[in-house]
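A.B. asks: Sequence:
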Amino acid sequence: MSFTNRRQILKLFAQGGAVTSLFPASVARALAIPAARTAGTIRDVGHIVILMMENRSFDHYFGTLKGVRGFMDRHPVPLTSGKPVWFQSDGEKEIPPYHHDTKTTSAMRAPVTPHSFADAQAAWNQGKFGFWPKHKTAYAMGYYTRDDLPFQFALAEAFTLCDAYYCQVTTGTDPNRIAFWSGANFDPRLRAQGVNCTDADSEPDNQRCWIRGRLPEPGYTYQGSALTWPTIPEVLQDSGITWRIYQDPNDNWTGAMHGGLAFAGFRGAKPGLALYEKGMRHWSLEQLAEDVKAGMLPQVSWVLPPALWSEHPAPSSPAQGAEFTARVLDAITVNPEVWSKTVFFLTFDENDGRFDHVPPPAPPSYNADGTLAGKATLDLNGMYFSDPERRHLVADDTVSGTLRPWGLGPRVPMYVISPWSKGGWVNSQVFDHSSVGQFLEKRFGIIIPAISPWHRAVCGDLTSAFNFENPNDPVVPRLPDTRGSAAVVAELSTAPEPLPPVRPEKLFQEPGVRLSRALPYALHVDALREHSSMGIALTFRNTGRVGAVFHVYDKLHLERIPRRYTVEAGRELMDTWTAVDGKYDLWVYGPNGFIREFRGALNLHNPASVLRYEVGNRALRVTIDNNAAITCTLVLRPNAYGEPSSTILRLKPHSSIVRKLSLGKTANWYDFTLASEDGALFVRRFAGRMETGEHGVSDPAISA
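Residue numbers (this note's numbering): 16 to 719.
Don't read these hints as lab results, they were simulated from the structure. The C-beta atom is built at its ideal place from N, Cα and C for all residues, glycine as well. Be aware that one or more of the hints could be misleading.
Stated by the list, open to error - Calculated pairs, DSS-like style, for lysine-lysine (alpha carbon to alpha carbon, straight line, at most 30 Å): (1) K570 - K149; (2) K390 - K98; (3) K149 - K108; (4) K521 - K98; (5) K98 - K149; (6) K521 - K118; (7) K293 - K356; (8) K667 - K98; (9) K598 - K570; (10) K598 - K390; (11) K293 - K308; (12) K356 - K308; (13) K118 - K149; (14) K108 - K98; (15) K118 - K390; (16) K108 - K118; (17) K598 - K521; (18) K457 - K308; (19) K108 - K457; (20) K521 - K457.
As the list claims (entries may be wrong) - Cβ pair distances, simulated, as ranges: (21) T53 - L514: 29 to 35 Å; (22) H297 - P526: 43 to 49 Å; (23) I663 - L205: 57 to 63 Å.
Required output: the full structure, derived from the provided sequences and hints.
C.D. replies: See below:
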């Protein structure tokens, strides 16, 4: 194929054509350089480069990508209507996700959607969802495909994509960038005292990072009171770790890209001081490339995009974000020796108003009556935003009171780009903006004091996204050319607006699996006690190496806020549910497709069932106890993964039976139901992946 002019090339990129052959040779050569392996651990990382782009949710970008938790998620949470989470309403009609077609519409620069604390809280609805387009507009339901985002999809295919990385706060830019630059967007000292912050000592909405003025003269002027806890750059500086922020201080979206500007340390920085010289002066991408060439790249670097190149829905676009990202990649791979020791984290501050279907892990919400919808094994005092005057809530958001959990917010893309993360992997461990800070802690032996115990328990440190022990392979990924994106976007902007179709589109996700990193989870939920007077009791156990959040949706009371349970590693919790006319129907959701269903009618003759993992045998062990004085008959039915046909199990009075289910042919994924013969009195469903410590593949039943 030949191209006669530049315009053809630009149009081909805009239409998602295959232009991989135009990938810059210098970057291809650098990607072919093996990782510098000395210790075979995180100690081999010499440089960390961090780029936070703007306002994209995971579903919005990658809901159609194969091998991730996307639009073919087999277990979407239910809405109050009982329908799956896809059927969001604008208050009058349902608007499921629909394609932002960049070939026929102006979707490459789709309109901005609301993304303040108030509308984000109303759309999330404390985990109930339901009215995303009502509070975020219909554009919120739009998504792209591989043809629309060739560069972004190529990055995901070349390196590692995290499909359980969440923004830290359910709101907009400033709160999430403040958290990204310091570890929290609310005062950690008050949190440690059990005090819930107000907007006087936290950042629920955009304010403190938006500056006026120019540097060096006449200087910045700031809005709002200065936050006073130490930022990550200050922690690095005090620890003797080299760092720098590469930016144009007069083209950083009036300060909004720089989370440090909310803090007293940066606000008080003067020329000659480290915070000013490293974090407020003009350090260009050209200087970044020169530093890499000279072997002078700091140990930690942040890159701040100008507004036009930030990937924000307007004035930027995915195409311009791709071009800026490619320029950063060009700069940091110009010296293969430096690149062989470098990690490049690329993520997004928040989701704009773009829809994502996965309920974010969070401390339990408060019901409208002031009771807590869930529990935790650690202290939650101080983990909530107090808004007694409802200054940051919309009028009809009354599902909860004026104490709202700080996070997590919706999923956003996170690419882990490095010589240790090549190969098109997915990592499904729960991460958030504190995870980058935790990675810095792990690498440099520092402590970032603002990161809360809850975030440390639930959100990983990103080390599971890497293969430090055996990192090198012969794969040389190639990426599409991204040059000239502004001209492409200008041309496409004259097309019709990307409005939702009159008839809902059928959801689509590319078939197939991708390589999947081993995860540190080992989770169990048991219904061991049934009380005829109360209902059903569930026990949440965590025998894994990290904490986890369980979400429980009561399908007989979907009008209620789903309960959430934070269970630290090695801990357990128990809670009870009242039966409705003797019946119950509970769905439990955990990380990476973990599902438990407990449905049936209270009956003294119902058996008890417990699932446990036999990792060494690559099998599940299911123990069933019949404590009744009559024979019990159950049906063991597979739901996916080509398992054997249904099996009839008969248990004599006061007897037990153990069934072992091999996972050797299912890549350790399982999904089966154990039910009474009538399929109503007793139903238990078990689905998920048994973690063995070895890497595997993504859920093969998604988009099979």
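A.B. asks: Determine for every hint whether it applies to the structure shown.
C.D. replies: Consistency of the hints with the structure:
Only pairs whose Cα atoms come within 30 Å are accepted, and K570 paired with K149 is accepted, the gap being roughly 24 Å. Simply put, K390 and K98 have alpha-carbon atoms about 27 Å apart, close enough for the 30 Å limit, and the pair holds. Annotation: proposed proximity of K149 to K108 holds, straight-line Cα distance about 10 Å (limit 30 Å). For the given pair, K521 sits about 15 Å from K98 by alpha-carbon distance, which is consistent with the 30 Å threshold.
Simply put, K98 and K149 have alpha-carbon atoms about 17 Å apart, close enough for the 30 Å limit, and the pair holds. Distance check on the hinted pair: K521 and K118 sit about 19 Å apart at the alpha-carbon level, within 30 Å; holds. In summary, the hint linking K293 to K356 is supported, as the alpha carbons are separated by about 22 Å, within the 30 Å threshold. Restraint check for K667 and K98: not satisfied, since their Cα atoms lie roughly 39 Å apart, outside the 30 Å limit.
For the hint linking K598 to K570, the alpha-carbon distance of about 11 Å falls within 30 Å, and the restraint holds. Annotation: proposed proximity of K598 to K390 holds, straight-line Cα distance about 23 Å (limit 30 Å). Straight-line distance between C-alpha atoms of K293 and K308 comes to about 19 Å, which keeps the hinted pair within the 30 Å bound. Taking the CA atoms of K356 and K308, the gap is near 14 Å; set against the 30 Å cutoff, the hint holds.
This hinted pair checks out: K118 and K149 have alpha carbons roughly 27 Å apart, not beyond 30 Å. For the hint linking K108 to K98, the alpha-carbon distance of about 14 Å falls within 30 Å, and the restraint holds. About 48 Å separates the Cα atoms of K118 and K390, which puts this hinted pair outside 30 Å; it is violated. At roughly 27 Å between alpha-carbon atoms, K108 and K118 fall within 30 Å of each other, so this suggested pair holds.
Between K598 and K521 the CA atoms are separated by roughly 34 Å; this puts the pair beyond 30 Å, and the hint is violated. With a C-alpha separation of about 27 Å, the suggested pair K457 and K308 falls inside the 30 Å cut-off, and the hint holds. Taking the CA atoms of K108 and K457, the gap is about 48 Å. The hint is violated against a cut of 30 Å. Note on K521 and K457: the hinted pairing is violated, with a Cα-Cα distance of about 44 Å set against a maximum of 30 Å.
Take T53 and L514: their Cβ atoms lie about 55 Å apart, and the range 29 to 35 Å is violated. In this structure the supplied range 43 to 49 Å holds for H297 paired with P526, their Cβ-Cβ distance being about 48 Å. Range check, I663 to L205: about 59 Å between beta-carbon atoms, so the 57 to 63 Å window is met.
Violated hints, in rising order: 8, 15, 17, 19, 20 and 21; the structure is consistent with all others.
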